[in-house]
Amino acid sequence: MADVVVVGSGVAGLRCALALADAGLRVTVLEAGEHAGGRAASWQDETTGMQVDAGPHVITSEHRNFLAMLRRLDTARQVQWQRRPIITLQDGKGMLRMHTLPLPSPLHGLPMLPNALRRLSVGDLWSHRRIAWQAARLNERSLRELDVEDANAHLREMGVRPAAIEWFWRSAVLALLNVPLEQCSAASMMRVFRLMLGRSGWHFGFPKLALAQLYVPGACRAVLRSGGQVLFGARVRQLRIGEGGIEGLEMEDGLSIGTRRCVLALPPQEVAKLAGGHAALQQLGTTAGYFRPAPYISTYLWYDRPVTHERFWARAWSPQGLNTDFHDLSKIRPALAGRNSVIACNAIGPMARADWPDGRIVEHTMGEVAEFAPMARQARVVHARVHRIPMAIPQMRPGMEALRPPPATAVQGLWLAGDWLDTALPCSMESAARSGAMAAEALLAAQGRPVSVSLPAPDTRGFVRWAMAR
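Quick note on numbering: the sequence shown equals residues 1 to 470 in the UniProt record's numbering.
FYI, nobody ran anything at the bench for these hints, they're computed from the structure. Being a predicted model, the structure only gives us computed values, none of them experimental. For every residue, glycine included, the Cβ atom is placed at its ideal position computed from N, Cα and C. Hints are not guaranteed to be accurate.
Label pairs and their computed distance ranges (CB to CB) [unchecked claim]: (1) Thr286 with Trp356: 49 to 55 Å; (2) Arg83 with Asp253: 47 to 53 Å; (3) Gly242 with Ser142: 38 to 44 Å; (4) Asp45 with Gly399: 38 to 44 Å; (5) Pro350 with Gln378: 30 to 36 Å; (6) Gly277 with Asp459: 37 to 43 Å; (7) Glu34 with Pro450: 43 to 49 Å; (8) Thr47 with Gly399: 42 to 48 Å; (9) Arg84 with Glu250: 49 to 55 Å; (10) Val382 with Leu455: 40 to 46 Å; (11) Pro357 with Asp45: 15 to 21 Å; (12) Gln320 with Asp45: 24 to 30 Å; (13) Gly33 with Arg240: 19 to 25 Å.
Take the sequences, apply the hints, and build the full model.
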């Protein structure tokens, strides 16, 4: 019998399994699919032989727990950091390169003002003064009090002008939280805004390898070295719970796995299915069932020539738009340097046109690439691939922040991990990594072995920290 069973091999599950293996426990990881990685998985494209991701993912310098995992696995150097520009933004009027400076927050954002004034009036920018002051003074308790409102209503209540809402906030919330402004929790929006306002020096990074190569092989090797195992095609049908807590798992293939310690590192919908049949987990099953998935569509285009000098750019929201962010992998992965462009794009949340056939998605995506990179009009797409992913992250609608559960459950020996847990972070790879570390901490503490694995959510600095202290 394994010391611990971890169900799910995404970022959360493997971060938890890695921490437990490092603590000397024999861990069995159960993965229902054919490969590890969950929503951050990678596999080989059968036509080109290239390793592609479920969708291109962005890492930030504030991904403390995810980066700590990469440092433990000696892959942190495989991240391509982009400090200048912080982002290149395309909207209906052209292209804007957004820069920051290493100044105390929020002064780090001053270089963005000239570009913002090319799209908004001084009055539009000044209308942010109340919400910026509010964000500067928020703590976790006061932030959660905003969870009853939707983001659009809160912005208007705080006096932010409609032009600023349409140009900045609608695009930012969709790109970062995967939900329309009117359907987003004001608390979730302000959590992100507070981080952007109060942290100078943050910037984006991109995997130089296929994303899963950063963490899947190393984490699996650590599990195996500790005497554990990673099993694929292992789908759990139900939990076996007795009076003393978790006793085992019943599998879809009819097998039974005994365990007194189990971590469910699964999306909320899967947790709801497993928890629904047990009285002790009824509340958890109901809570998990409230979380709705935000779908996304990832499109890869292989061109017959280089079409842009840009590594990464974003497209502002528009009613006719499809994709929100674009990555030229030939400018990111060293193995593709100097070769023809491979553009990976994401359509997320309501922009993921589930009713569109692949051909229409590819055609529309080619048009959006050509709008940004005119050289693409003379190029030929030699191969295209469309990935449809049911859930990028859970939709953080009003009321959802209050429902995010802790790692511990009402059943002895059963813990949770996943980006949707109460991590004090937006749902993301970083939230997943922190939740996995928190679950490992809780499990080891229950054994009388308190350890510190997780890193806290980033604090604020500069003027924002001063404002909080007042």
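For this session: Kindly confirm whether 40 to 46 Å is satisfied by the beta carbon distance between Val382 and Leu455.
Result: With a Cβ separation near 43 Å, Val382 and Leu455 satisfy 40 to 46 Å, so the hint holds.
For this session: Could you tell me whether the CB distance from Arg84 to Glu250 stays inside 49 to 55 Å?
Result: holds (54 Å)
For this session: Kindly confirm whether 37 to 43 Å is satisfied by the beta carbon distance between Gly277 and Asp459.
Result: With Cβ atoms ~41 Å apart, the hint holds.
Exercise. Between Arg83 and Asp253, is the Cβ distance one that fits in 47 to 53 Å?
Worked result: holds (50 Å)
For this session: Evaluate the given range 15 to 21 Å for the C-beta pair formed by Pro357 and Asp45.
Result: Check passed, 20 Å falls within 15 to 21 Å.
Exercise. That 49 to 55 Å hint for Thr286 and Trp356 (C-beta), does it hold up?
Worked result: violated (34 Å)
Problem set entry | Pro450 and Glu34 - C-beta distance against the hinted 43 to 49 Å | This hint is violated: roughly 37 Å between Cβ atoms.
Problem set entry | Outcome of range test on Cβ distance (Pro350, Gln378; 30 to 36 Å) | holds (33 Å)
Problem set entry | Gly399 and Asp45 - C-beta distance against the hinted 38 to 44 Å | holds (40 Å)
Exercise. Is it true that the C-beta distance of Gly242 to Ser142 lies inside 38 to 44 Å, as the hint says?
Worked result: holds (42 Å)
Exercise. That 24 to 30 Å hint for Gln320 and Asp45 (C-beta), does it hold up?
Worked result: Taking Cβ atoms as reference, Gln320 and Asp45 lie about 29 Å apart, which means the hint holds.
Problem set entry | Cβ separation of Gly33 and Arg240, checked against the hinted range 19 to 25 Å | holds (23 Å)
In the structure shown, a violation is registered for the earlier hints numbered 1, 7, in ascending order.
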